[in-house]
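Novice: Kindly generate the complete structure, drawing on both the sequences and the hints.
If you use the UniProt record's numbering, the sequence shown corresponds to residues 1 to 524, in order.
Errors might be hidden in some of the hints.
Taking lysine-lysine pairs in the DSS-like style, the calculated list, with each CA pair at most 25 angstroms apart, reads [claimed, not checked]:
id : residue 1 : residue 2
1  : Lys161    : Lys321
2  : Lys6      : Lys140
3  : Lys161    : Lys254
4  : Lys289    : Lys486
5  : Lys120    : Lys98
6  : Lys254    : Lys453
7  : Lys319    : Lys105
8  : Lys435    : Lys124
9  : Lys259    : Lys453
10 : Lys98     : Lys140
11 : Lys435    : Lys319
12 : Lys319    : Lys168
13 : Lys124    : Lys105
14 : Lys401    : Lys366
Keep in mind that the hints were calculated from the coordinates and are not lab data.
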Amino acid sequence: TKTISKCYVQVTGMTCASCVANIERNLRREDGIHSILVALMAGKAEVRYNPAVIHPSAIAELIRELGFGATVMENCGEGDGILELVVRGMTCASCVHKIESTLMKTNGVLYCSVALATNKAHIKYDPEIIGPRDVIQVIKDLGFTPSLVKKDRSASHLDHKQEIRQWKRSFVVSLVFCIPVMGLMIYMMVMDSQLADARAHHNMSNEEMEALHSSMVLEYQLLPGLSVMNFLSFLLCVPVQMFGGWHFYIQAYKALKHKTANMDVLIVLATSIAFVYSFVILLVAMAEKAKVNPVTFFDTPPMLFVFISLGRWLEHVAKGKTSEALARLISLQATEATIVTLGPDNVLLSEEQVDVELVQRGDIVKVIPGGKFPVDGHVIEGHSMVDESLITGEAMPVTKKPGNTVIAGSINQNGSLLISATHVGADTTLSQIVKLVEEAQTSKAPIQQFADKLSGYFVPSIVAVSVVTLFAWIIIGFVDFEIVEKYFLGYNKSISAAEVIIRFAFQASITVLCIACPCSLGLA
Numbered sequence: 001t002k003t004i005s006k007c008y009v010q011v012t013g014m015t016c017a018s019c020v021a022n023i024e025r026n027l028r029r030e031d032g033i034h035s036i037l038v039a040l041m042a043g044k045a046e047v048r049y050n051p052a053v054i055h056p057s058a059i060a061e062l063i064r065e066l067g068f069g070a071t072v073m074e075n076c077g078e079g080d081g082i083l084e085l086v087v088r089g090m091t092c093a094s095c096v097h098k099i100e101s102t103l104m105k106t107n108g109v110l111y112c113s114v115a116l117a118t119n120k121a122h123i124k125y126d127p128e129i130i131g132p133r134d135v136i137q138v139i140k141d142l143g144f145t146p147s148l149v150k151k152d153r154s155a156s157h158l159d160h161k162q163e164i165r166q167w168k169r170s171f172v173v174s175l176v177f178c179i180p181v182m183g184l185m186i187y188m189m190v191m192d193s194q195l196a197d198a199r200a201h202h203n204m205s206n207e208e209m210e211a212l213h214s215s216m217v218l219e220y221q222l223l224p225g226l227s228v229m230n231f232l233s234f235l236l237c238v239p240v241q242m243f244g245g246w247h248f249y250i251q252a253y254k255a256l257k258h259k260t261a262n263m264d265v266l267i268v269l270a271t272s273i274a275f276v277y278s279f280v281i282l283l284v285a286m287a288e289k290a291k292v293n294p295v296t297f298f299d300t301p302p303m304l305f306v307f308i309s310l311g312r313w314l315e316h317v318a319k320g321k322t323s324e325a326l327a328r329l330i331s332l333q334a335t336e337a338t339i340v341t342l343g344p345d346n347v348l349l350s351e352e353q354v355d356v357e358l359v360q361r362g363d364i365v366k367v368i369p370g371g372k373f374p375v376d377g378h379v380i381e382g383h384s385m386v387d388e389s390l391i392t393g394e395a396m397p398v399t400k401k402p403g404n405t406v407i408a409g410s411i412n413q414n415g416s417l418l419i420s421a422t423h424v425g426a427d428t429t430l431s432q433i434v435k436l437v438e439e440a441q442t443s444k445a446p447i448q449q450f451a452d453k454l455s456g457y458f459v460p461s462i463v464a465v466s467v468v469t470l471f472a473w474i475i476i477g478f479v480d481f482e483i484v485e486k487y488f489l490g491y492n493k494s495i496s497a498a499e500v501i502i503r504f505a506f507q508a509s510i511t512v513l514c515i516a517c518p519c520s521l522g523l524a
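Specialist: So, in structure tokens, the structure goes:
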């Protein structure tokens, strides 16, 4: 017997099934090539050849001459089938050993490990020689009951409905409370500019100014030091901080637990500090019975949360769209296949229903009218029209007669077909498409990775900058108090200079945090 080796060639430039047929037809004629199997979506050819006659590099060269790009793939392990089984009925280590040793002796099994604790068996095999049904039969003959590990076909991990709901809720809550806060802000701005105009045109005395100032409804003090404006802002801010920011807090806590800083940490830091600072300042002002209302930052958290939760919501909606497409693709896969045994002259001897994962290469599968093709293969017998629109986009049904290829997931229309399986399991066109889409979803765009990396440095540096600001102003204040006095308008003359400086320094550092927080990177 002449030895037969197997190699894999990565083929580029194939566009359709006729390219595949072209390569297969031309290479089969060559000397020393035993068989060739080309997968269009995966872009690879599996060639069995006689190493005495031809080399993999020569095979790749033959494919190149046909006008395709071809390189020999070094790691040939990819062609191995992998099988995960649940084995019931094992009681002790000797059972495990019995299964393992028997399987290893079986021709075509490359590797096998059985775990007693989890009842799982992990088997690698050569799909040319042996298939999952044979392996299962071997284990059955030993007196155990093996069954396939069921794959989750529902694609529930692709479902973004819950996140979409959660961010939408978060956004709506923040928005409801944000609009009045913004209204108050705009009102204050307008009033302030009117005041400035009044001050510019009529050379009012300060007493009159004070009178005009306190006549504004929002500046009216409910309690000494607590204006209507600040009280309303506080009331509107609390629910946002609690409900709108709930998810951010959880995420930030998790990130800090793992000693990393992400966008959520920044958002939480800025909003919490702004909120707590404003709250404390209000309490201090009330305790001092201050005449002038303190500057608070209650408008920061609601607005920040609105923008960011809107961003997250849109992001999840977009993700949900792609995932929906993927889930639809996955649902195209047939779950069962009818395998038939043929006698001489293609006489049907028997047929059995098996899980689609158990179909082996070379099996004869019967597909009835209206049925889905469980695997990729060649038609052996029968004529039919097949609807391949789900895979190829071709709207018209395609005629299939013996020798034609069929694609898993397409739908047989009027005639019964017998097909010989060529690509099974993860090698079918459909599985490859699903895999490609999944990979595209899980991989990040390079710019996104860059942004994540930057925000890793960004968070600590912003915090550092605001701390530096805090100390810088404290030092400036104690060295030269006039500067602080110039910028810090309307402070109460009755409080000590030191307190004024500290308050001003805090105000400056909080401003840095709040402004740098929704850094364009994170939002983008």
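Novice: Each of the hints needs a verdict: does it hold here or not?
Specialist: Consistency of the hints with the structure:
Pair hint Lys161 plus Lys321 holds up; C-alpha atoms about 10 angstroms apart against a cutoff of 25 angstroms. Distance check on the hinted pair: Lys6 and Lys140 sit about 30 angstroms apart at the alpha-carbon level, beyond 25 angstroms; violated. Taking the CA atoms of Lys161 and Lys254, the gap is about 22 angstroms. The hint holds against a cut of 25 angstroms. At most 25 angstroms may separate the alpha-carbon atoms for a hinted pair to count; Lys289 and Lys486 meet this at roughly 23 angstroms.
At roughly 14 angstroms between alpha-carbon atoms, Lys120 and Lys98 fall within 25 angstroms of each other, so this suggested pair holds. For the hint linking Lys254 to Lys453, the alpha-carbon distance of about 18 angstroms falls within 25 angstroms, and the restraint holds. Using a Cα cut-off of 25 angstroms, the hinted pair Lys319 and Lys105 is violated, with the two alpha carbons roughly 48 angstroms apart. This hinted pair checks out: Lys435 and Lys124 have alpha carbons roughly 21 angstroms apart, not beyond 25 angstroms.
Taking the CA atoms of Lys259 and Lys453, the gap is near 15 angstroms; set against the 25 angstroms cutoff, the hint holds. With a C-alpha separation of about 12 angstroms, the suggested pair Lys98 and Lys140 falls inside the 25 angstroms cut-off, and the hint holds. Distance hint between Lys435 and Lys319 is fulfilled; the C-alpha atoms sit about 16 angstroms from each other, no more than 25 angstroms. A C-alpha spacing of about 14 angstroms is found between Lys319 and Lys168, which places the hinted pair at or below 25 angstroms, so the restraint holds.
With a CA separation close to 13 angstroms, the supplied pair Lys124 and Lys105 stays within the 25 angstroms bound. Straight-line distance between C-alpha atoms of Lys401 and Lys366 comes to about 14 angstroms, which keeps the hinted pair within the 25 angstroms bound.
Of the numbered hints given earlier, the model fails hints 2, 7; all others are met.
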